[in-house]
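Top line first, the protein sequences correspond to chains U and E. For the first sequence, position 126 matches number 126 in our numbering, and the numbering has no gaps at all. For the second sequence, position 141 matches number 141 in our numbering, and the numbering has no gaps at all.
Read the hints as simulated data drawn from the structure, not as lab findings. Just to be clear, a hint being listed does not mean it is correct.
To be verified - Label pairs and their in silico Cβ distance ranges:
(1) T267/U with S185/E: 15 to 25 Å
(2) F178/E with G77/U: 37 to 47 Å
(3) E157/U with P244/E: 50 to 60 Å
(4) A74/U with S185/E: 32 to 42 Å
What the hints assert, rightly or not - Stretch-level coverage of chain E by chain U, calculated; a stretch enters the list once three of its residues show a Cβ under 8 Å from a Cβ in chain U:
(5) 37–43
(6) 79–92
(7) 182–192
(8) 196–210
Predicted model, so just to flag it, every value in this text is computed and none were measured. Virtual Cβ for every residue (Gly too), placed ideally from N, Cα, C.
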Amino acid sequence: MSRIGIPLFCLVFLALLIAPAAPAGMSSDDDARILLSEGILSYLSGGVRAPSLSDLHDAAVHYPRYPRRVTDTAGTGFTFYRPIERVVVMHANAAESIVALGGDDRIVGVGATINTNTLQFPEISRLPGVGRWTEPDIEAILALDPDLILTYVSWPEPEKLERHLPSRIPVVRMEYYKAEVFRDEMVTTGRIFDEEENLDEYLAWYDANLDLVEGRVSTIPYEERVRVYAESGSGQSFGRRAYSEGTGLHDLLIAAGGVNVAEGHVTGYADVENEWVMHQNPDVILIWSGKAGYKLDERAEIVDLYKEIVSTPGFERIQAVRDNRVYIVTSGYAFGTGSPAALIRVASWLYPDLFTDVDPDEIHAEYLERFTRTGREIRESGTFYFPDGRGNE
Amino acid sequence: MSDSSIRGGYARRTYTRIIIIICLFLLLILLTGVAATLGSYPIGVMEVYGTILAGHNGGSDISTIVWNYRLPRILMGILAGAALGLAGAMMQGILRNPLASPFTLGIASAASFGASLAIVLGAGVVAGGSLLVGNAFLFTLVAAAAVYGLAQVRGITSETMIMAGIAIMYLFSAMTSFLQYIGDSEDVHAIVFWMFGSLGRSTWETVMTVAILVGVLLPLSLLSARSLNTLAAGDEAATSLGVPVEKIRIGGMAGASLLTAGVICFTGTIGFIGLVAPHISRMVLGGDHRFLLPGTAVVGALVLLGADSIGRTIMTPQILPVGIMTAFLGVPFFIFLFLTRRRNYW
Numbered sequence: 001m002s003r004i005g006i007p008l009f010c011l012v013f014l015a016l017l018i019a020p021a022a023p024a025g026m027s028s029d030d031d032a033r034i035l036l037s038e039g040i041l042s043y044l045s046g047g048v049r050a051p052s053l054s055d056l057h058d059a060a061v062h063y064p065r066y067p068r069r070v071t072d073t074a075g076t077g078f079t080f081y082r083p084i085e086r087v088v089v090m091h092a093n094a095a096e097s098i099v100a101l102g103g104d105d106r107i108v109g110v111g112a113t114i115n116t117n118t119l120q121f122p123e124i125s126r127l128p129g130v131g132r133w134t135e136p137d138i139e140a141i142l143a144l145d146p147d148l149i150l151t152y153v154s155w156p157e158p159e160k161l162e163r164h165l166p167s168r169i170p171v172v173r174m175e176y177y178k179a180e181v182f183r184d185e186m187v188t189t190g191r192i193f194d195e196e197e198n199l200d201e202y203l204a205w206y207d208a209n210l211d212l213v214e215g216r217v218s219t220i221p222y223e224e225r226v227r228v229y230a231e232s233g234s235g236q237s238f239g240r241r242a243y244s245e246g247t248g249l250h251d252l253l254i255a256a257g258g259v260n261v262a263e264g265h266v267t268g269y270a271d272v273e274n275e276w277v278m279h280q281n282p283d284v285i286l287i288w289s290g291k292a293g294y295k296l297d298e299r300a301e302i303v304d305l306y307k308e309i310v311s312t313p314g315f316e317r318i319q320a321v322r323d324n325r326v327y328i329v330t331s332g333y334a335f336g337t338g339s340p341a342a343l344i345r346v347a348s349w350l351y352p353d354l355f356t357d358v359d360p361d362e363i364h365a366e367y368l369e370r371f372t373r374t375g376r377e378i379r380e381s382g383t384f385y386f387p388d389g390r391g392n393e
Numbered sequence: 001m002s003d004s005s006i007r008g009g010y011a012r013r014t015y016t017r018i019i020i021i022i023c024l025f026l027l028l029i030l031l032t033g034v035a036a037t038l039g040s041y042p043i044g045v046m047e048v049y050g051t052i053l054a055g056h057n058g059g060s061d062i063s064t065i066v067w068n069y070r071l072p073r074i075l076m077g078i079l080a081g082a083a084l085g086l087a088g089a090m091m092q093g094i095l096r097n098p099l100a101s102p103f104t105l106g107i108a109s110a111a112s113f114g115a116s117l118a119i120v121l122g123a124g125v126v127a128g129g130s131l132l133v134g135n136a137f138l139f140t141l142v143a144a145a146a147v148y149g150l151a152q153v154r155g156i157t158s159e160t161m162i163m164a165g166i167a168i169m170y171l172f173s174a175m176t177s178f179l180q181y182i183g184d185s186e187d188v189h190a191i192v193f194w195m196f197g198s199l200g201r202s203t204w205e206t207v208m209t210v211a212i213l214v215g216v217l218l219p220l221s222l223l224s225a226r227s228l229n230t231l232a233a234g235d236e237a238a239t240s241l242g243v244p245v246e247k248i249r250i251g252g253m254a255g256a257s258l259l260t261a262g263v264i265c266f267t268g269t270i271g272f273i274g275l276v277a278p279h280i281s282r283m284v285l286g287g288d289h290r291f292l293l294p295g296t297a298v299v300g301a302l303v304l305l306g307a308d309s310i311g312r313t314i315m316t317p318q319i320l321p322v323g324i325m326t327a328f329l330g331v332p333f334f335i336f337l338f339l340t341r342r343r344n345y346w
């Protein structure tokens, strides 16, 4: 037989062997067998996107749970024929999720926001930088010879990334901060990194906390629900910026059982007048900030946000301010892998009587302990929400 | 044509211009009255005027809304529009160039850089809550001084000042872009919002500051109106008629820069007024700076207050940035005048 003939014979044999094992209700191993047979048939028929012989060989001989197929949030499907060993991560939300699933030992390069976030990512922040998530450094990426790149759905644009990369490097696009796709993205990440066991552990924690809140707030009649005004706070140049449908902050307060006073008035986020907030007279004001969280030196900015809103003229007559129910959550807390802890915190702010037996701080501490690599410094000094009883209120 | 008919024609034109300015001013008063009743808190018209007449007591929502939010915002719109329009008219007159404005000469770019420096790095010359305002003000003056210094090297002419201004504009724009590049997404967001411009941050303190600035510089600019008219004939002609060209140019630029700095450090870069308000006034009132300067101040106030009033009510409770609304409102009007005026207005 010729040099090509032997592998071809083996592949045909394997395809015939594997193909019948494809009943409904399959395990991931069954999936792998089907994908392998499809790959072999595609190779034999000379398909344009057919896998290489070495891909099929590795999957068939060395990695029995491969190939595996995933679809990212952008809707692109990927088939992996061997475990992913070298990953470039462009943004911190993705890095946080990979760390939570224990896949960070396969990260070889990181975006600038991860490099600078040394307290949240004490280990991977030291890895080689690959530019910003808006402006990737293609040469730095190629020098790391990655198996895969993880980035946001829309950034960097394909013209800045995929266009300059060889087709063998897949670019997986996922957000990791949007509640509606977050769980699916974690499942996809678990499959990419072959960390299903850790994924199950994380999802058990995630689902338990979400179920806890849903179980307690879902029966509250609409007219008895707490009315919340959500905004991003008045920074150095912002006016009042209300958040409504289509934003993570809205999803958070709705999941916590609140009613957003901006719903139906504002789509996404928009600037509103102080007088409109006074007219709405919300029970609770919930502010989101991108500052602080894992950045210990930014607590003062959170305190300033709080002071600004409670001292705004006329706001002293708003119910939320009168009742001291103005709260701030940071993005490092409210969105992404740690969001169930923030959800319980917000739900307990809205309905303290329903959550007297739950300690949100304990749940957050558990998250930090089990699913991050952060140290004691973060646990003791991180400002993830405000007021947190540590002064400046 | 006899001497008396020429004099009669001139008197008629003068009379017409004065009437137009008075009408514009009355229109501004009317718009002010309407703007006070607009807002997302439902307050009746009579209730608004009753609250204004009763004075500020701060004990009710309505009093707070009218006195703390609506009136400062309206007055800032009037003053900022007047100041930016006046600054643009002075610059166009001094440089004899229809494209001259605080923005095309780099002054607004410098303010944006100063604000960006405060937002991204927290660095500046004034500590505490005034950091951003202080930075924007200071860098505006730095840009004006740089334009003057560069132009001085080659002689203070309109061409050298425009060239220097454009160079400064690109330099500060590049530095602002660099700060946006190194800033986090929240910082970039804040910079972009600042550059849209807003009257929403107006307080009685900021209104008073701008009022003092306009109160001092508007009469001074009117005093230079005759010199600016002479300057329109060219540097040589103006010099031969005894006009101190360089002195007028430096003084006028300093005044215009100060007006711009004093406004945009509080409002952000509202970029359109300084360019278009003078053109609208010129098309309506002609090129005589004795009428053009006060007319531009009123037109600038009208455009800015009108744009802000529409911006905060058209999609209530959402507010559209005033910098965007001024262009939406002013450009169609400008194009209408541009296409319908028969004579060459510039």
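Check: Any of the earlier hints contradicted here, and which numbers?
Finding: Violated hints (numbers, rising): 4, 6; every other hint is consistent with the structure.
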